[in-house]
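Given the coordinates of chain D, work out where chains B, X and R with the ligands should sit on it, guided by the hints.
Each protein sequence line maps, in turn, to chains D, B, X and R. Residue numbering for the first sequence follows the working numbering, beginning at 135 and increasing consecutively. Residue numbering for the second sequence follows the working numbering, beginning at 135 and increasing consecutively. Residue numbering for the third sequence follows the working numbering, beginning at 931 and increasing consecutively. Residue numbering for the fourth sequence follows the working numbering, beginning at 931 and increasing consecutively.
Heads up, a few of these hints could be off.
[Unchecked claim] Listed below are the simulated DSSO-like cross-link pairs for lysine-lysine, each with C-alpha atoms no more than 27 Å apart in a straight line:
no., chain 1, residue 1, chain 2, residue 2
1, X, 1210, R, 1183
2, X, 1225, R, 1146
3, X, 1210, X, 1156
4, R, 1146, X, 1210
[As the list claims (entries may be wrong)] Counterexamples of contact, computed for chain D against chain X with all Cβ distances above 12 Å:
no., residue
5, 217
6, 267
7, 282
Simulated from the structure, these hints should not be mistaken for laboratory data. Quantities reported herein were computed from a predicted structural model and do not represent experimental measurements. All C-beta atoms, glycine included, are put in the ideal place defined by N, C-alpha and C.
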Amino acid sequence: MSMDERLVDIYRMMNIIRKFEEHAYELFGRNLLRGSVHLYAGQEAVAASVCALLDDDDYITSNHRGHGHCLAKGSDPRYAMAELMGKETGFCKGRGGSMHIADFGKGNLGANAIVGGGIPIATGAALSAKMRGTRQVSVAFFGDGASNQGIFHESLNLAAVWKLPAVYVCENNGFGISVPVRESTSVPDIAVRAAAYGIPGEVVDGNDATAVYAAARRAIERARAGEGPTLLECKTYRWFGHWTGDPQVYRTREEVEAWKEKCPIKRLRAELLARGLASAEALDELEARAEQTVAEAVEFAISSPEPDPARVMDDVFYEGGASL
Amino acid sequence: MSMDERLVDIYRMMNIIRKFEEHAYELFGRNLLRGSVHLYAGQEAVAASVCALLDDDDYITSNHRGHGHCLAKGSDPRYAMAELMGKETGFCKGRGGSMHIADFGKGNLGANAIVGGGIPIATGAALSAKMRGTRQVSVAFFGDGASNQGIFHESLNLAAVWKLPAVYVCENNGFGISVPVRESTSVPDIAVRAAAYGIPGEVVDGNDATAVYAAARRAIERARAGEGPTLLECKTYRWFGHWTGDPQVYRTREEVEAWKEKCPIKRLRAELLARGLASAEALDELEARAEQTVAEAVEFAISSPEPDPARVMDDVFYEGGASL
Amino acid sequence: MSTKTYAVAIRDTLAEEMRRDPAVFVMGEDVAEQGGIFGCTRDLYREFSKDRVRNTPISEAALVGAGIGAASTGMRPVVELMYMDFTYVAMDQILNQAAKIRYMFGGRARVPLVIRGQQGIGRGNAGQHSQSVEAFFMHIPGIKVAMPSTPADAAGLLRTAIRDDNPVLFIEHKALYAVKGEVPDDPEYTVPFGSARVVREGRDATVIATHLYVDKALRVANTLMKEGISVEVIDPRTLIPFDEQTILKSVAKTHRAVVIHEAHKNAGPGAEIAATIMEKAFDELDAPVLRLGAKACTLPFNLGLENAVVPQESELLDAVRRVCYR
Amino acid sequence: MSTKTYAVAIRDTLAEEMRRDPAVFVMGEDVAEQGGIFGCTRDLYREFSKDRVRNTPISEAALVGAGIGAASTGMRPVVELMYMDFTYVAMDQILNQAAKIRYMFGGRARVPLVIRGQQGIGRGNAGQHSQSVEAFFMHIPGIKVAMPSTPADAAGLLRTAIRDDNPVLFIEHKALYAVKGEVPDDPEYTVPFGSARVVREGRDATVIATHLYVDKALRVANTLMKEGISVEVIDPRTLIPFDEQTILKSVAKTHRAVVIHEAHKNAGPGAEIAATIMEKAFDELDAPVLRLGAKACTLPFNLGLENAVVPQESELLDAVRRVCYR
Ligand SMILES: Cc1ncc(C[n+]2csc(CCOP(=O)(O)OP(=O)(O)O)c2C)c(N)n1
Ligand SMILES: Cc1ncc(C[n+]2csc(CCOP(=O)(O)OP(=O)(O)O)c2C)c(N)n1
Ligand SMILES: [Mg+2]
Ligand SMILES: [Mg+2]
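Chain D with its partners taken away, still in its complex shape (with noise of 0.2 Å):
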């Protein structure tokens, strides 16, 4: 696929995960869906535009904002909707619900409820890549907020030392709950942090798609010429308070407006448009088919079992007999 096919696949995987997040919304108020939910929504190109680089066996970790991540590597969001709603059908079997989703089959190795969680277990995936001499690479996603974890440096500092084919993608999105960044982050440009390493740090329009995925390719490429780790800093907004729940004391609606001005699928739709890479019947059509996927998950979220109660101590441990 050319990047300008590409950008069409990423227009529509961008559709699928607001919808999703709308979706995911409104199930919440109708208290359809319970617990700690942080939508994506305002961050879609990050996601999208990354994972249109990666293959199936590729690796990516996420973190507590994750259903976008776990879309765009191509999960199917049915099973997804159904984790969100704790049923059996879910990833997780409804074990995990919204911070835990993961999907083994497609590279996902996870979200994760603690902040910067993930993060080392991507390096980990990086190292067993370089191990075992495949091509795959690993890729970490996490928010501003993890960046002040230690962590993140630790393990920056290990793929670093040992090259690994690891990209850490940073999503910007201003604030760690209602702390901004300014307040809890030394530096302005997270990406600067790449300096201690001494890798390439990058700062991307997180609300471009096309810059995202310019950036992360040569992030990817690098990882898989065997050059080592990136750091990819993509500044971008959410819309959504923190959780579904969230007052939001600590920014304006007004702030809250202009950045759904900056809106990235607006954005890429307006590119796509000018570019003459799709016609606005063909998106049309894309954004009605992703409303359509989406609808149909929570439907079949919604028609699932719940889990049996009596199963409830299944999958502590591995207790099959052979080794992988």
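Chains B, X and R with the ligands in isolation, oriented as in the chain D frame:
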């Protein structure tokens, strides 16, 4: 005191530290010391020069290689040596040993057996100084190896964001136990990591007392002026093995000898003489007195009583009535 | 007396202590404008400024470490951990540093540090945000552990914690925040550590319960009353120090005991309590001390599963019956 | 059979498993040229290269995390922690990640990760390098816990650990490394998890002991033999899974039990064992199950103090007498 006068005093302190370590080594050989004893010989210029700039009420935290920091901060070598021997008269009444010497009266908030463990504690002391509105500064001493611990990262970010009066002194002695820095650390100069926090980072020859002094003065003045933290990397070398029983498979005798040529004490002595800051006799005299001081400390420690096992449960909690 | 929620009791106590003592301050993620995710520091920054109500980076280990450093040098920090599950990223600073400093330094240091936050189930937070952590801190000596189950105890124990010159892990429960109760208005109201509360007197069996299970035990006691079983319910309130006396006295009367908590049963707090009762009151026991706690699996997201993992009232009912009729 | 030390038994097993399975590799601080501080990986890098015997930065949390990532993607890492005390800096990765991944992801992951290293007293390492950590890992479900007390068990259990598709915390003891014993030469020699070893049969009292206390218990048993007290000594070998059966069978015979370990007594592993015995065999018990463990203070540096903190043989002797003569 002028810098020139201070240099003589630094020379005195470096000799005390050196003698202390030589005696400790010898005592270990005679089975009068047990446990993990990490000697500071070779690195004396760092502790002595930095602490020469500190007042009694300034804070330090130290690490497993802490004898030098403790002595340089003005603590009585007798109680330090007694602690190494686990005696009741030791700073910690024999509870702590070599890796846990603290002397709160002198602002030494403690050595630490956890690599990096003291870094946030110094950061907190700096926060405390700032909140109480004093002019105190807080210095964290740690090794190159510690700069790969997550807590290093978290602490420096915190100090930078809050502009704390803290100085982070990394003693880069080339190794974390057997592992050379290049094998564990993604950058040749740890000081560049300052960029990740938007604070000054400076590399200095850690065997050059005057250079350390000058750099530390800049950092401490900056801290006292409310301009925030500095990361100071002092390149140096440890003469003994990592601990007293280290087989040292990871380095050659030649390498050690070459570094011994760069002895920080010899170097400062030459400088003091060349600049006419002291006579050879006066320096010999200082050296002899250092030997005597430490010999007395050894005497004191040897003749001190063992702690009473019946009191072993004392001091788990402060049981006193009134608050501080 | 005022009627207030557990969350407000905590906030009011923080405010009063900050007014009383300029050394007291609060730091944690989102504690300023946001007032803490659970509202326990709501509006405090308005009165005390963001200097004393500090938003922090997401760096729990450094946060606790900074608390230690500040506490060792004249301040009395109250560090909020948003979820007690995050003690794991700060475990070294809590257990190797805060808890050990005083002892390791020969009694020459004091660390008046409070680490507070909430734990437990009830909001569908799943495996990494629903754990009960008290057992860890009962095992490694040097840190006190408080677990208030009512607004009044939240206020009284927190005040004691802040005034204590030792590190205290102050464990709240997310499902208690909205619970209302009477709280003394006296800004000197304290509940001493190491004094259990006999919540309800009884003759036939002793139930030792913490957090949510105190109320559940009361309900079970009321039910069993109708069967003619008189249950004594005790809330230890602090696990370190632990009020052995009150519990042993009760067992000497009832000769039967059940311990119930939300933490995992396996190697959980109840194991220590049960084993201690056995050691010190074996001849008083007419039945084994039974323990109820969460099953040995990660806390699941799904509500039905979550309920299947933590002990239910019906199980307590059964357990008390079992120790009584044997 | 070959006579070898506990340390060599570990090293040889690592070597054999690395030969057998290219997915097995070792990483940790100073594991290459230095061969590990305690020699457990000595010379392995010569045969397997530094690619499979990796020196690492001092970054335990990332190390364990990287182990998880590698283990989830086809490798079988053995991560060495130099001291088990350092689990605290990696606690989140061990307890929130490694232990929970399989369950939280609905059973769709396997994490064949071994975390090994040593703990305990005996070298004057003081409070931050002498702790026993097993209790933590018995409490949070999802990680197995092995504690070999002999060279043969070290070999057999480690092989089982490496071949297990679950995370295993493999806890060695620093004072055992130099101990020699017979070890089967069979490179397929395994000791299954969850099978306790009856070290010595006896009739009158059961002593459950781990690590150094297995030998101490044997000595105490020999002494008591002369007094006519016949002691059964059991080493559980793994705490998760735990061989309840063997212990309950023993107690059904002896009617008396003492648990002894180096970990703190308070909320320690013995609490779980004692409480379980009470719950499942109350009517068999002629005496309370007694527990001996380290006192509730940080492990002190001074040798005399250290010995005053951990249980001594004489205390075990007393405890067994106490359960027998009552
Ligand atoms: C170790 C840890 N600390 C705190 C939290 C609570 N928490 C969840 S999300 C979050 C903010 C994360 O900010 P960021 O990494 O920027 O991601 P964003 O939510 O903005 O996408 C916090 C503090 C957590 N889950 N884990
Ligand atoms: C968290 C932790 N990991 C590992 C160790 C074991 N250890 C003690 S000192 C040391 C090397 C430290 O290297 P560095 O920080 O450079 O200090 P140096 O010994 O060179 O002075 C190591 C790995 C420890 N004490 N704590
Ligand atoms: Mg963010
Ligand atoms: Mg070093």
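Checked hints:
no. : hint            : verdict
1   : X:1210 / R:1183 : 23 Å, holds
2   : X:1225 / R:1146 : 34 Å, violated
3   : X:1210 / X:1156 : 31 Å, violated
4   : R:1146 / X:1210 : 25 Å, holds
5   : 217             : 8 Å, violated
6   : 267             : 33 Å, holds
7   : 282             : 4 Å, violated
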